[in-house]
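Residue numbers (the numbering used here), protein chains in the order written: chain A, 1 to 170; chain Y, 1 to 305; chain E, 1 to 744.
Keep in mind that the hints are not guaranteed to be accurate.
Unchecked claim - In silico EDC-like cross-links for lysine to aspartate or glutamate, where the CA-CA straight-line distance does not exceed 16 angstroms:
| id | chain 1 | residue 1 | chain 2 | residue 2 |
| --- | --- | --- | --- | --- |
| 1 | E | K9 | A | E105 |
| 2 | A | K67 | Y | E90 |
| 3 | E | K224 | E | E195 |
| 4 | A | K129 | Y | E93 |
| 5 | A | K128 | Y | E90 |
| 6 | A | K23 | A | E44 |
| 7 | E | K212 | E | D83 |
| 8 | E | K113 | Y | D15 |
| 9 | Y | K5 | E | D29 |
| 10 | E | K113 | Y | D6 |
| 11 | Y | K55 | E | D116 |
| 12 | Y | K5 | A | E44 |
| 13 | E | K164 | E | E298 |
| 14 | E | K113 | Y | D12 |
| 15 | E | K212 | E | E223 |
| 16 | Y | K5 | A | E42 |
| 17 | E | K588 | E | D157 |
| 18 | Y | K37 | Y | D15 |
| 19 | Y | K60 | Y | D15 |
| 20 | E | K256 | E | D193 |
| 21 | E | K588 | E | E154 |
Since the hints were derived computationally from the structure, they do not count as laboratory data.
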Amino acid sequence: MSRYSSDNQAHGTCEISFTVNGKQETVRIFPMARLLDVLRQELELTGAKEGCGEGECGSCSVLMDGKLVNSCLIPALQAAGASLTTIEGIAEGTQLSAMQTAFLECGGAQCGICTPGMILSACHLLSKKPEPSLEEIREGLAGNLCRCTGYMQIFEAVVQAARGNAGAKR
Amino acid sequence: MPGQKDSRMRSDPADYELIAPSTLQAVIALLASEPGKWVPIAGGTDLMVLYGAGKLPARKLVSIWNLAELRGIEVGAHEITIGAGCTYTEMREHDGIAREFPLLASAAAWTGGIANQNRGTVGGNIANASPAADSLPALLVYEAELILVSVRGERRVPYVGFHTGYKKMNLDSDELIRAISLRRGFSGYLHYSRKVGLRNAQAISKVCIAALGRLKGGAGSGGTIEDVRIALGSVAPVPIRLSNVERIAMGKSVEPDLVRLARKTVTAEIQPIDDIRSTARYRAAVAGNLVAEFLQQLGGSGKTA
Amino acid sequence: MAAENIIGKSVPRKEGRDKVTGAARYIDDIAMPGMLYGATVRSQVARGVIKQISFDPQIEWDTFVLVTAKDIPGKNCIALIGDDQPCLAEGKVNHPEEPILLLAHSNPHLLRKAVDGVWIEYESLPAIFSIEDSERRTQTIWGDDNTFKTFLIEKGDVDSVWTKADHIVEGEYTTGAQEQLYIENNGVIAAFDREQGITVWGSLQCPYYVHKALMALCNLPAEKVRVVQVETGGAFGGKEDYPSMIAGHAALLAMKSGRPVKIIYDRLEDMTATTKRHPSRTRHRTAVSKDGTILGGEIDFTIDGGAYATLSSVVLSRGTIHAGGPYYWPNVRIRGKAVATNAPPHGAFRGFGAPQSLFAMERHMDRIAQVVGLSAVEVRRRNFLKPGQTTTTEQTIREEIDLGKLLDRALELSDYDAKRARFAQGNEAGPVKKGMGIAAFLHGAGFTGSGERYLASVVAVEGCVDGSVSVLVSSTEFGQGTNTVLCQIAAEALDLPYEDVRIAQPDTNQVPNSGPTVASRTVMVVGSLVRSAAVGIKQTLIANGSLGVSYSPEEFRAACRRHIAEHGQLRSLARYEPPEGVFWDDQKYRGEAYATFAWAVYIAQVAVDLSTYSARVEDFVALQEVGRVLHPVLAKGQIAGGVAQGIGFALYEKVVWQNGRMQNGQMTNYIMPTSADLPPIRVFFEEMGNVHGAYGAKGIGELPMDGPAPAIVNAIEDAIGTRFDSVPLLPEDIFEAVCAGGER
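Model the full structure from these sequences, guided by the hints.
So, in structure tokens, the structure goes:
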């Protein structure tokens, strides 16, 4: 299996394949194109945003093979063969996830620009720590900057989503 | 036109080459064939920041992100060997490292946020050689050994002294860091570290300390210092061991006089600067405070690993 | 239906679903066919004459669109209040990053290289960068005397109080610049065609400000300029006037090229080139009696406006009026002054002058307490304004506010006394010292004085063909809840479900001018008009017999549809009417400065670690009286978010300047608090109602910015006994003061 093939190993564009939100995609792109730009431009998945271009704000966060990453810092070639999840893949059709619903109910989204990254970050946290303490939530989300909320209602949303998940399992 | 679409960043992907050979052998062969031309890129958390800002001088990059030979953490009888491609997350989540090398685990925990910990690697931290690099003081006090690899084979070098100057190191232009080896045997020591940044997360350090100490007779014995290692980041062009402070502390009891002398010795041993994040005076004062705090903990009830 | 069904409930955010699914479209998510990218070539010097512009011969310039000042069809200025700010510098530059020329190209990477390929030679002129240099006229860079604006407020007879004083307390307090740091950078797309004129879509707060600026710049009549706000990722004032500049640039490129042009800044450009909070210096000299009551005083409030006037006169106005805080001043003289320096012009940022002058006032109250020998609590209690008393502008407090009780409640919520007692003991041992600090303040909502009358806001509410209702305002959503609350108000006024009301996109072709989205006026002033207009369409239907006085939603929808089928439209306008008995003298700066004030007492608990000299806030109580809380979740979110920005203003956010240019224009080095840095922010409300606001609401968006900085610095002094009179207060500053052994 070749996850990527290129016309010219050293110069120019190449074809890179990966899965996004369960769907196989192949793009022809420069290997050093940023994953953020590939998602936004090639695949028109504009949920991931650019807030800083240097991996500080987290608004470009996506899940790559289940791990939270800043897509503005990933060269496209390194995403070859990966399984990516963006905000567009979080809802099940029209059914919002528990986290999305919690963000809506608790006021976790104000201007919304940090929200896609924040929700993915929160989902990632719960995948590792299903019932996180407040300290763990603070630490887990520390790579996602929010200028609007002061984070308080985001914490509430994460706690609510965790409880909802716990409730669902019982 | 493919690959020419919109982007906010300040470099043109068309000007760069990036390839990803699938074996370590292939990578080192490439480095040997064109020394100095290819820059290895692992998780990219340093290089891609420069790239986004239009400040990456390298034009040819070779990805070492997916090399299996650089991954993995092996626990042997006498040493733990960490693949240079291990991420901060992998180090944090490894029981052996968390238990026996807590300073490395805590450094990993305070490097960037979770997303950057999932991509940043210990090898990258060493090779990027920022004086503020979070894990390097811990490697200095644990006296890590680096396993370097090239077409000429492998060699082991002590990490202490690896950096010879600002961004200069004992690494040939066709060599890669393959692994970091840590000798086990630090139970019974006090492990102490602190990072001082402008905020609790995602901060470049202003001063960073990692220290180990052991008293004759064990913790709380009031005995003399049997072994002490102190390393600081962000106070010199490279992270440094405070060998003078260690020398004056060895064999002594932790008394106020020793702490005072240690503070003076710290000030003499470091070369902090004023920069965009902090001042030399502040760094010097805090460095002294942190060393004093470490010694006081060592002399007091203390914590042991 | 008598009881309120929707007001007071936390209904779902109108555009919330799009935001949590990634469907919300911000300007950089939008592309247009044939679109070019635009970029700005900016000054590299703070002040100088442009001697020569040359172009790198390696670049194929004929593939680029190039715009200079000569291409401007109308007036080369960004029309706002004065017209002194050029759209493109011509001949001389007055601040670093000043725009000089514009480029566009279809390849954004080639565009970036082209910007670097424009070589400009300057003859540098000496520049000034501080308020003091500006006052001294080391150089005269604006007008005759570097002064954009002054105000004078005089009440009573200040000159007579000094001899009666038991104490005269002086202090000087300074605040630094602060970057708004919306996570979405400034961006617009402009298109031009000869028939329709200019259309601009963008991330912005005030579509009609941009509209006015483009008319003047492009020499086009009102109907040939169209401005549309799209989903906006944070603004906080930073997108109040700046969008007129970036829109102007995109419009010029669109006019020249005939293609749509997108300009989006990256973080470095946004931080270094656009507006920030005005740095300030406040000097207090206060005559105090031995029982701690203020007899009178003088306050000098000065702000640094940067190189051009822009909004400085209005920021100055608000800061000057708020300078006396929530206290009774029988005699006072307040001088406000805005001066010019060679920095990029400073602009609006939540609070708009009040956080600066209130920082000074609340620090000064603690100083008065120390001099007189009273507690921080008592000195405030003895000086609080009471109903029937007048403010510094002689506005009579007509509402039954009891600030003493508000203070008591805050003290209780924060466990102030017990904690201070514990800290007094605990602080003996170890390097971590804890303390508590208070800030009491007020915030006037809406435009100052005659501002609202001058704005003459208009709002429309329309019935739609499907029976739903649409609210048409130029007020924009950028996170604070405009869409949600205005729809709540309309729904409540019409007795309809919230789901039946929507809000039109702010498009100057479609919506009337309800004024800018600033000054915490949207819910209070515009909301009031929305209510009236909503009632208006109900009354139309009732008057013509289509609807009974009491009706179901189905009946309304049917009546609405019938009416439109018959008459073509169902629309009601509401126009702002100044309230009765509200009088303001613009010359003497006296009278009813604001229709209403909100009141607050904030209490901060800090811990200062003397091994690292770092201060962190461990607990924060934010208690405010806000008239009426229309949407609890949104209201709490506004306060918490504002407090977080205030904590940043106090302890984290420092703009590092060198020769007028921001050196730390990246998120790595301009530090805002992360989730790991903030304390629990505990928000509480009192609600006394407000006759002037929709359903009794007062404006609250900016209020929370005023309290945190002084509360925190007061708490730090309580913790370690060292006085600081400046923010941002960084560990390096604490270190220098502590090691120097005392006061700064």
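Results for each hint:
no.	hint	verdict
1	K9/E with E105/A	holds (12 angstroms)
2	K67/A with E90/Y	holds (12 angstroms)
3	K224/E with E195/E	holds (8 angstroms)
4	K129/A with E93/Y	holds (13 angstroms)
5	K128/A with E90/Y	holds (13 angstroms)
6	K23/A with E44/A	holds (14 angstroms)
7	K212/E with D83/E	holds (12 angstroms)
8	K113/E with D15/Y	holds (12 angstroms)
9	K5/Y with D29/E	holds (13 angstroms)
10	K113/E with D6/Y	holds (14 angstroms)
11	K55/Y with D116/E	holds (13 angstroms)
12	K5/Y with E44/A	holds (11 angstroms)
13	K164/E with E298/E	holds (15 angstroms)
14	K113/E with D12/Y	holds (9 angstroms)
15	K212/E with E223/E	holds (11 angstroms)
16	K5/Y with E42/A	holds (8 angstroms)
17	K588/E with D157/E	holds (15 angstroms)
18	K37/Y with D15/Y	holds (14 angstroms)
19	K60/Y with D15/Y	holds (9 angstroms)
20	K256/E with D193/E	holds (11 angstroms)
21	K588/E with E154/E	holds (8 angstroms)
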